[in-house]
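Colleague: Sequence:
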Amino acid sequence: MKSIEEYSAATETGGQSVVLQSSSGEMAYYLGVDIGSVSVKLCLIDETGSPVRQDVERISTGPRAAVSALVSRLISEIPAEQIIAAGVSGSGSSAIPPEMGWASFSSSLAIASGVLHTHPAARTIIQIGGQSSL
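Letter by letter, the sequence shown follows residues 1398 to 1531 of the numbering used here.
No lab work stands behind these hints: they were computed from the structure. Glycine is no exception: its CB is placed at the ideal position from the N, C-alpha and C atoms. One or more hints might be untrue.
When the alpha-carbon atoms are kept at most 25 Å apart in a straight line, the in silico DMTMM-like pairs for lysine to aspartate or glutamate are as follows [to be verified]: (1) K1438 x E1478; (2) K1438 x E1496; (3) K1438 x E1454; (4) K1438 x D1452; (5) K1438 x E1474.
With beta-carbon atoms standing in for the labels, derived distance ranges [what the hints assert, rightly or not]: (6) A1518 x V1449: 21 to 27 Å; (7) V1453 x I1522: 16 to 22 Å; (8) E1474 x G1498: 18 to 24 Å; (9) A1518 x G1459: 24 to 30 Å.
Sequences are here, hints too, so could you generate the full structure?
Modeller: Next comes the structure, spelled out in structure tokens:
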């Protein structure tokens, strides 16, 4: 079984299966990555759903390189074995091969879930991404 630490190497070689493992007795974290047309955003939440770490990397040499940079920075601060699940969304989400084992979500679902989690009374969501901005 592989850990999230091996993500960077896996993306360089076309993808290998990654199973995220939890450590017994340690805080568990959940990783969300949004791969857009301009940048990649990362958010790590704890077991209570509270954000622990957020980061952004502009896409310059491709989305895989941007994701690798974000994951490298993340695991320098948070032990990889404490990240028990990962999900990806966005127009560039195909950069994460299905073999990686990350859950894939539509941008609309990811946005609606996040907004309704933090603002349950919200009735309207307006989203404008880089691929549709003028």
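Colleague: Hint numbers the structure violates, sorted upward?
Modeller: 9
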